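Q: As a plain string of letters, each chain reads:
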Amino acid sequence: MSIYHGIKILGIGNLVRRDEGVGVHLLRALENTLPPEIELLDGGTTGLNLLEFVENAQKLIVLDAVEAGENPGEVVVWRKEQVPYFIATKMSVHQLGFAEVLNWAKFREKYPEDIVVIGVQPQCLDWGTELSEPVQQALPAALKEISLILEEWGVTSAGSK
Amino acid sequence: MATKRIVIGPVTRVEGHLRVEAVVEDNKIIDAISAGTVFRGIEIILKGRDPRDAWAFVQRICGVCTHTHALASIRCVEDALKIEIPKNANIIRNIMAAAQDVHDHTNHFYLLHALDWVDVISALKADPVQTSSIAASISDWPLNSANYFKDIQTKVKNFVESGQLGIFANGYWGHPAYRLPPEVNLLGVAHYIEALNWQKEIVKIHAVFGGKNPHPNYVVGGVPVSINLNDYNVINMERLNLVKSKIDEAKTFVDQVLIPDILAIAGFYKNDLWGGGLSNYMSYGDFPMTSINEPDSFLIPRGIVLDRDLTQVHDIDLQDPKQIQEFVSHAWYRQDDKEAGLHPWEGKTEPQYDGPKPPYDKLDETKGYSWSKAPRWQGKPMEVGPLARIVVAYAKGNKEIKELVDTSLRKLNLPVEALFSTLGRTLARALETQYRTKVLVRLYDDLIANIKAGDTSTFNKEKWDPENWPSEAQGVGFCEAPRGALGHWIKIKDGKIDNYQTVVPTTWNASPRDANQQHGAYEASMIDTPLANPEQPLEVLRTIHSFDPCIACATHLLDPQGKELAVVKTKK
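Sequences listed follow chains D and B, in order. Going by my numbering, the first residue of the first sequence is number 1, and it counts up by one from there. Going by my numbering, the first residue of the second sequence is number 1001, and it counts up by one from there.
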């Protein structure tokens, strides 16, 4: 079995609410750049529908807009226990939906062995399909963080065709 | 006299916010307001775009209703351009809609609404042996041993004791408005967890017909799949067999788990018949057996029931400028004549906020107080959703619906008027789910029969090219979404979208007052609700959740001066 098996990447967010959709924008930038065994999913804002994808992951990267109290466009990386799987302080704007998914995965003892959230602090959540400038400019830095994590997991071709 | 004000306010921005305030006097709600607190500007994004692409944007309005928005969108374009779709495409769209309803309704009950009726902490005290015999007495569902219930109980207990209350953190456990004995609570908790296993399966139908899930693909003029029973790469017998197996699993779960649970729970709540609210019910109808232009062929009947008079059903015309109108007298939109109602084709989306600066303690219902407009039918507020559909079908004499309703009410020893309540709304959703599973079986058989008769057409490309469009056109697309009547109105000019207006089910139900001070459905349903403990407004949550609002909310309890007494967040 390929060493990449069980690695999954999930982009979440609302594509018609500008920076809300940054997780999905990042996911789209990754399409066709990674070994095909690595499964990508555009989760939108679909909440519990994502449970099966999460539970089938051994190593999971979640891409999202996060309220980290940073400047707009700042990229943050949360690892393992930093990932808010219960609903305490709201950090990601999708947390109510997605935290519940993680919560159920934990309850059902199907939580990924490693999970990393790569988030971008949004500037603008108005209606619209384009990212704000600071968030647009943050995409390369976020993609770099993704490739570092993938390298750590043994994926060497990250970022190249 | 002690008057308090309860506020249910926003938490997340994913699907738009709802805020509800209720004025409480002597443990009873005497007035209520419902406010959408986020401007919905999808209309602005769509202006100037290719009408054939609109579905891909509206699909993203909401993570729960991706299918229904896309469907209403392609239907409005087809209506404007006079496109008829092939029979297979119509059946496949109906199958996807029915699968969405079954998934959404069942998820709604177990994962979002059940804990308004079922007390998790009480379930920890239950005797699993007794739960097992209750389960066996109401259903043939095989997972009913005492050990099964004991295992679930232990797992929940460990989860709670480890401090990870998490999923169970948002409850008023021990509240006097909970009426189930511990053993029935345990049954409910077990099936709450079981529903999670099940819900992952039914949506696979969307992946078969829509290419992927979430966010399946759609196309104006049909469905974006090819059918060939023997070809590996398209919709073939193997994939259709998968669809059939998912339909059968869904039917078993609904017949053996959802319906027996609802009836068992309702038996303990049958004296709590508050929460009826409005007395007008509206269904656009859906599931055409021939064409969307032939309402007489709809499996979900179209019509309006006024004043709960089940002897008469009124017709609706979505194109008539005098029937469906939106009012902004209490909404934050600019309009020359603030009292005038506008048909959606003439609708405007020009925000003009004049509410208090957030964060605020309370809204002023004598002025604008919502981002939600107030839709009305011939000036009257309407309830939409499962109860409205069931009431209209019942009044129209639909045999299958009537039998489902009468059988369950007979088991509960309740009259038909009991439907007009929070409990009735929840029962109606379950009965509708059962009806959808029956419909799914029928639709699947229709599809197979049509394909075997040699028809594999799925797409009508006649008017795909804008060269073949008139320079101006307008259309309306509608469907019955899980939460109720959904309409998209489009105007096309020179091949581009000139105006686009959506009137979504939650806009009907969560509507603010209109110029005549008439309440919307949420507001009306809260009035006269008794509260056992105003500091823990469980009854309000139960009623609001019974509508399955497409929003997230947090509950604040305020005293008459607007001082916050307690905050309880709820999630959707």
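It should be emphasised that the hints constitute simulated quantities derived from the structure, not laboratory data. Predicted model, so just to flag it, every value in this text is computed and none were measured. Note that beta-carbon positions come from the ideal geometry of N, C-alpha and C, so glycine has one too. Errors might be hidden in some of the hints.
Below, in silico cross-link-like pairs of lysine-lysine (BS3-like), each with a Cα-Cα straight-line distance of 27 Å or less [to be verified]: (1) B/Lys1200 x D/Lys110; (2) B/Lys1244 x D/Lys106; (3) D/Lys110 x B/Lys1150.
One side of the interface only, derived from the structure: several residues of chain D facing chain B at Cβ under 7 Å [to be verified]: (4) Gly47; (5) Gln82; (6) Val83; (7) Gln123; (8) Trp127.
Q: Hint by hint, which ones does the structure fall short of?
A: Hints 2, 5, 6, 7 are the ones this structure does not satisfy, whereas the remaining hints hold.
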